[in-house]
Structure formats: structure tokens, C-alpha cells
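**Student:** Chains L and Y, in that order, give the protein sequences.
Its first residue numbered 1, the first sequence is counted upward by one per residue in the UniProt record's numbering.
Its first residue numbered 1, the second sequence is counted upward by one per residue in the UniProt record's numbering.
Warning: the hint list may mix true and false statements.
[Claimed, not checked] A short, non-exhaustive set of chain L residues, derived as facing chain Y with CB atoms under 7 Å:
no. : residue
1   : W36
2   : N37
3   : E120
4   : T515
5   : G517
6   : E521
7   : A526
8   : T529
Derived by calculation from the structure, the hints in this document are not laboratory data.
Note that CB positions come from ideal geometry on N, CA and C, so glycine has one too.
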Amino acid sequence: MKANDLPDLTLPQMLAENARSIGARVAIRQKDFGIWNPTTWAGYFERASDVAHGLRLTGLGPGGHLAILSENRIEWVLAQLGTGLSGAVTVGVYATSPANEVAYVLNHAEAEVILCEDQEQVDKVLEERANLPHLKRILVIEAKGMRAYDPDLVLSFEELEAMGRADRRRSPGLVAEVLARQSLNDIGLMIYTSGSTGKPKGAMLSYRNLRAEAFAVRDMLELTPSDSHLSYLPLCHVAEQMLTTMGPIYCGSRIDFGESLRTVQEDLREVAPTTFLGVPRIWEKLHSAIHIGLMEAGGLRRRLHDRGVAACEPFATTAPADRSLGQKLTFQFYYWTVFRALQNFIGLRRARLAYTGAAPISPKIVQYFRTIGVPLIEIYGATETTGMVLAQKLSHLEPGSVGVGIPNAELKIAESGELLIRSDVVFSGYWRNPEATASTIVDGWLHTGDVAEMRGGQFRIIDRLKDIMITAGGKNLSPSEIENTMKASPFIKECIVVGEQRRFVSALIQIDAETVGKWAEEQGLAYTTFRSLAEEPRVRDLIGREVAAGNATLAQVAQVRKFSLLGKELDHDDGEVTATMKVRRAAIYAKYAGEIEALYGAGRGGAAA
Amino acid sequence: MQAAPSDLILQVENIEVIYNKAVQALRGLSLSVPRGQVVTLLGSNGAGKSTTLKAISGLLGLENGELTAGKILLDGQDISRMKPHELVRAGLFHIMEGRRIFEDLTVEENLTAATFALSGRGLTRTPFDLVYDYFPRLAERRNQRAGYMSGGEQQMLAIGRALIAQPKLILLDEPSLGLSPILVEEIFTIISRINRQTGVSMLLVEQNANVAMAVAHYGYIMETGKIQLNGPTSRLIEDQDVREFYLGHGGGGGEKSYRNIKHYKRRKRWLS
Chain L
1 MKANDLPDLT LPQMLAENAR SIGARVAIRQ KDFGIWNPTT WAGYFERASD VAHGLRLTGL
61 GPGGHLAILS ENRIEWVLAQ LGTGLSGAVT VGVYATSPAN EVAYVLNHAE AEVILCEDQE
121 QVDKVLEERA NLPHLKRILV IEAKGMRAYD PDLVLSFEEL EAMGRADRRR SPGLVAEVLA
181 RQSLNDIGLM IYTSGSTGKP KGAMLSYRNL RAEAFAVRDM LELTPSDSHL SYLPLCHVAE
241 QMLTTMGPIY CGSRIDFGES LRTVQEDLRE VAPTTFLGVP RIWEKLHSAI HIGLMEAGGL
301 RRRLHDRGVA ACEPFATTAP ADRSLGQKLT FQFYYWTVFR ALQNFIGLRR ARLAYTGAAP
361 ISPKIVQYFR TIGVPLIEIY GATETTGMVL AQKLSHLEPG SVGVGIPNAE LKIAESGELL
421 IRSDVVFSGY WRNPEATAST IVDGWLHTGD VAEMRGGQFR IIDRLKDIMI TAGGKNLSPS
481 EIENTMKASP FIKECIVVGE QRRFVSALIQ IDAETVGKWA EEQGLAYTTF RSLAEEPRVR
541 DLIGREVAAG NATLAQVAQV RKFSLLGKEL DHDDGEVTAT MKVRRAAIYA KYAGEIEALY
601 GAGRGGAAA
Chain Y
1 MQAAPSDLIL QVENIEVIYN KAVQALRGLS LSVPRGQVVT LLGSNGAGKS TTLKAISGLL
61 GLENGELTAG KILLDGQDIS RMKPHELVRA GLFHIMEGRR IFEDLTVEEN LTAATFALSG
121 RGLTRTPFDL VYDYFPRLAE RRNQRAGYMS GGEQQMLAIG RALIAQPKLI LLDEPSLGLS
181 PILVEEIFTI ISRINRQTGV SMLLVEQNAN VAMAVAHYGY IMETGKIQLN GPTSRLIEDQ
241 DVREFYLGHG GGGGEKSYRN IKHYKRRKRW LS
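Go ahead and model the full structure; you've got the sequences and the hints to work with.
**Tutor:** Below is the structure:
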């Protein structure tokens, strides 16, 4: 255990401190109509203070809850820190969630003030207004088209800032007073778990948790003031919070907000950040984008790429400094001919460190990015641990492992195989749910619910404890291992394994419409929609071959013997995946029960060749 | 798709169209027209509907466009490399958007010009009276200069020219454009009658989804160069997204007030 040597300050206190010590340096850049507008640390604190005053005027009291329903943008963090500076607590809500899910979180969190990004989000809240007895005020960032809305209920963020500024000039002192009283034991942030099983739970994170995680980030990811980060993953998720608020505010590094979620690829190329966090789906997407590009390029370029990958793969996990002269020369050759262009294409050429986390990823995909020279590490964490607790080191990359524990945590593996953690990063409990809290934190140890094992000093995560399947033959299976093996194919976007109490393993597979579509075009196969593509017999054969290739790397019992292709893409609106695109197993098993039974019925269902 | 290939008068398979060697307008687009049926292709502005028609009739070259991939089969024969005038003689007639007729010629002269399509096909010439039967108004104006006629009459003439050409397939690009509702109804009634009586197949591009759905047997919905949804029109008109975005039946019913119009679009799902 290493002691936390960060200043003994809460996140809002640290922001005030930054405004004093490094006030003139740029803290945030927000892209607006193509221009990256900078905000300094002093400006960040000033605007957040105005917001704090404004929020008080809307009736948000100390300890009250402000919910935010928006994509990532500067107003998100201004509102979050403004809430902190006024002594209240922020709750993030996924902007992509349908109205009923939004209402569940808002109601459960007893949110009094809700900050919405635009009319669409406001309409979701208004639709469920009758179920939100705690609601006092709705704030909106982009007020376009909303003149007809009740001004006593809906207020623009701009007006809120102006009101706050005026109030602050008249009677300053609110912020200083709140900061003087704020302690590390206060709750600073509430994060709702994505709810892949059951209803979302609100994890309360104290300022002590946030500070402990900032220390872990600085130590493991070596975050320095010269680093920059593009904030684009949902800020209501702990992973992006860790890299957008906790890390940068304690370490003094810069964050950039792009124009929208749809322009991430362009934004990445423009800012070329030094650090980059992607969830597995992002890496899978980048991987298929490269795959499609290569299919189109064809010929010499494709062959050169394939040879480069084959030549550099064997030493992909060796740190550049430890490579032999021959390996260095080989890499340099392919770097200048192929890999450099690929790194530019995905905007990661200047990345000194890239991470993947939040869900299991296929080792094949990780290996690919390492081969082309992206310094990619796997990290592991949970909402209940305020983010990362395990991370790989670039100097020691072992495929399939998630590295070592952060310095300020004790880790152990229980007899059941479950990973247990005791640390300052362990959360303070679930909001209004003491039973769940008591079963999660036992005698000071957090029960992660993940089965882990330790090999050569490195942790490996096997699967969720409750997801482990037992076949009719009594064998234990890890569904995510099988699923990730299949998802390594660029043609397979989603795979849901069935096997509990069954004679053999089968799977429901969702094809990747883009890559399979491109493949169909090359084959001269006519198709119109996703469904027609999925029903095409030759596509079935293609997936059959991909499944067979995946099976070859799996143990006999874990091999997928039959599969069914889904006729539509899994969707959050249909309750099949969570806002973070995690599959809701129970919902899928129930919804596709017919397809699943057919797989175990007589004959039918595609057998993997 | 819904019929054996031999019953398909037109098959478009995975075509890709690029304008000015730079702008990709269509990619991996496929559709088919069963013999004797009316198929409609719907979509918003810029979705690529007219481009699709021009790709079929070989007119892309006029706009610096190019068919870079895929196949187009007319009655089983690959026509993707054929010249427009050869296509007309092969039995394909494209009624372009904006009533393209010879404005300086009379009605009758316009019809005479259309007989070009018959050359070398060994067909007997359709009497012009057939056209005048369908469109009595043209009979009254047979010796008038076409350019002086009303928009509706010009559209009738454009369709009349197609009748003279005796095609196997008519491509119709927005026949309702700029016409009064009553004329739209009249023209579509006649289009439907022509299909029933002569058995000619049609691929109809329309913005006015209501009338197109009423006459077509099958429909494709297209957005940004891709087919999003297809099916028999009887099923399409039940689809919630089609109803909201194409047929103008918003949620809740009743007249929409512009004051309440939303500044965001509900996400389209295109299921079913």
C-alpha cells in the first residue's frame, strides 16, 4: 500500500486550488462550430461558481440532487462542479435512455433539478412529470424551439449562469462557505449502475473515493499536466468520470470536448490526445473500420498490411525498449509503410497510453492494436470501486490478464473465486438500498461479483460470478470467454451464449451489418435491409466458418455447436442492451426463447462447420 | 425476394454510384420489380432515388456520375453498360422528373418522336388514339405547342409518350411534382389503370407517399443511399415509422401546429 499524497482536498476544493495556483493554464477545450474554445482553470472555477449560485436560486439545497441528461460537453462538468461548489450532489443519467428508464433514475434519486441538453431530453422528463414528485426545475442547455414551454419550470442554462453571476456579485461568499465546510466524507457523486441485471442501483461516491481514485489514476496511468484527454464516453459512467473530472482536476491535465458523439472519429484526428479510453465496442468498431478500409484498398496495400501484422505480432507485447534490433527494424519498416497511416486514421498516433475497460474484450483485438503500435493496456474496475482498481503496465503486458492492483488497495481472491477489495476507492453504499449495500460490502471488503484468478502476479478476470454456466454434463463454462472469442471476428458484432443446463453450447449471433454488407457486395449478393442480410444462406455459411474458426481455439465443451442469427440489431429501446450496450441476458433469453428452443430441438439451426 | 428471378422484370444488385469520381451517392443498393407490378421507391430529398433511376436508365453520364459496382438486369439481361438510346429500344422508358417534353413541338409531334423507341423491335405502332383515350385532354390539344400547356397536361403528355414507346418497364420520377391535389389524383388513377390494362411494370419514385402507396404493390424506403425497409405496401402502411415520417400521421392524431413542432427527430427504427 502506498499512501495517497494528493492534497487533502475535495474535488471542488481542488478546483478552487487550481484556479489559484495554475489559473491561467487551459483546463478545458470545447469544440463549437469547428473551433476549439479554451477555458482556463480560473475560468472553469468562475463559471462553476456562478452555476453554484444559480442552482441555489432554483431551490437546490445542500445535499440535494441535480440530475444531468446530456452528452459530454463543457456544461456537464460546469454543472457537476457547480453542484459540488453549492454543496449538492450530481447524478448522471444516460441521454440515450428511453423516457421510462430516465424517469426511474430521476425518481429513485429524488432529483430536484434536472439539467437537460435539449428539447428532446426535456420532453422525456415532461412525459414522465406526473411520476416525479421531487422535481422543482428543469434547466436546458440548448433552448431552441422551447419558447412555448412554461418559464416557471424550464430555465435555460445561460439564464441560470447570468442569474448566478448577478447573485454572486450582490452576495458573494456562498462558495467559500460551502468549501470551508466540505469534507472528504461528504458524498460528491452518484452513479447509477447500468442495470444489466435488474433495476439500476445508485452508487454513492464520497469525495474521499474520488480523491483515492485520482491518486490511482496518477500512479498507474502516470497522468501529468502535459496530458490531454478527449472526453466522449458517457459522463454518467464512472470510467469517463475518472478521466474527465477526478484525474485531470487532481493532476492538472487538460480535457477536450468534441462537437458531438457522432464526430468522435474526426475530433480524435484533430486533437490527437496523449491518452485515450475506449470501451471494447469502440475498439471493435475501430478494428472493423480498418478491416473495411483494407477490403476496399485491396491488392498490394492489403498484402503489405497482412505481412506487417504477421511479422510484428510475435513481439507485440514486448515493450519497445526491450525489443531486439531485428524486431525494432522490422517494426520501423512496417511503421513507416503501413502502421503510421493506420494510427493517423484512428487518431491515436500521439497517444502515449490507450486503455480498454468497462467490459471484457477479445484478446485478439487487443493484440491487433498492440501489433500496429498502439500502447494499449487493459484496465478493470467497477462503479463500486470509483473506477479502475486493476491495470496492466506497458512494461509487462500479458494477453488476457488485467494486470496488477492500484497501489492504494488491498486485493484478495475469496474461496468462491470472487475478487474482494478493501480500499479508499470502495464506494460508500447504494442510495436508499441498505440491503444491497450490506451484501456488497462485508466486513470492509467489497465483493465485486467477478471471478478472478492470479497467475504470475497478474490478475485475470474469468467472468461474472452469476454468469458462470453449468452444462447438463456438469461442466463449468464462462460465457464471456466464448462470446469474446466469437466477437473477435469482424463479421460478428454480438454473441449471446446459451448453455445453462443444456447438452451443448449454442449461441444467438448478431452480424455486423457494415462488414457483412461489404462482404456481400464483394460476393455479388443482393440484399436490402439488415434482416434480408441475416437471412441470406451464404451469410449463414460465412458466420458458420467464423464460428468454426473461433471454436478451434476453445475447449471441446465450450465450443458453439449451433447458432441462430438475429433478424434485427439488439437495441436499448427494446430493453435488450443497457445504455452502455451491455447485453441483458435474462431479457434476451426470454425474448428469443423460441429461437433458443429451436436450437435444441430436432435438426434445425445452423451447425458450425 | 418475393418472386423467382424469371418473374422479375428488373433486378438491381448491389449497385454503387459515384459522382465526380468523389461523392458516393449509392452503395450496395439492391431492389427488384416483379413483372406487371408497380413498385414504389420512397425517401426524403437527397436519399438517392433519382440517382437510382438514372443508374438504371444509363443517364448518370450526363451528370458526371458513374456506376462503379453492381449489376442491373432488365428481363434477365445485363443492361449496366448499355447506352440510353439502346435501353429505350430494349423496352425501358424513363419519365424524368420535371415533365421533360419537347416544348416547341405539338402534342402529336411529341408522340411521333416517341416512336423512335419502336425502331428495330418489330412492333406494330400504337395508335395515338390509345393515348387520347387515357388522356382526353390531350386530344383537345393535339395540335397545340406542348410548351404552352399546363403542368398537368405536360405530365400527361410525358406519360403518353411512354405509352407510345410500348416499354416493358416504365421508370416514373415524381409525376406529382408541382401539381394540384386534384390533378395528382387524376394522374395516379390513370397510372394505375395503365398498369392494370397494359400490364406494363413500373418503378415509381415519389415524395407524395400517400398516393404512391395507394397505387403500388410493393415499396422500398430509402435513406442516405441505402434501403431501410421494404415490403408489400399493405404492410408498410402499418409500420409506425412509415406512418409518422412518410404518411404524416403523427402520434396523437389531429392537425399538427407549427408552434409545437419539435427541433429534434424521433429516432427511426425501421423494424418489421
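**Student:** Can you give the numbers of the hints that this structure goes against, from lowest to highest?
**Tutor:** 1, 2 and 4
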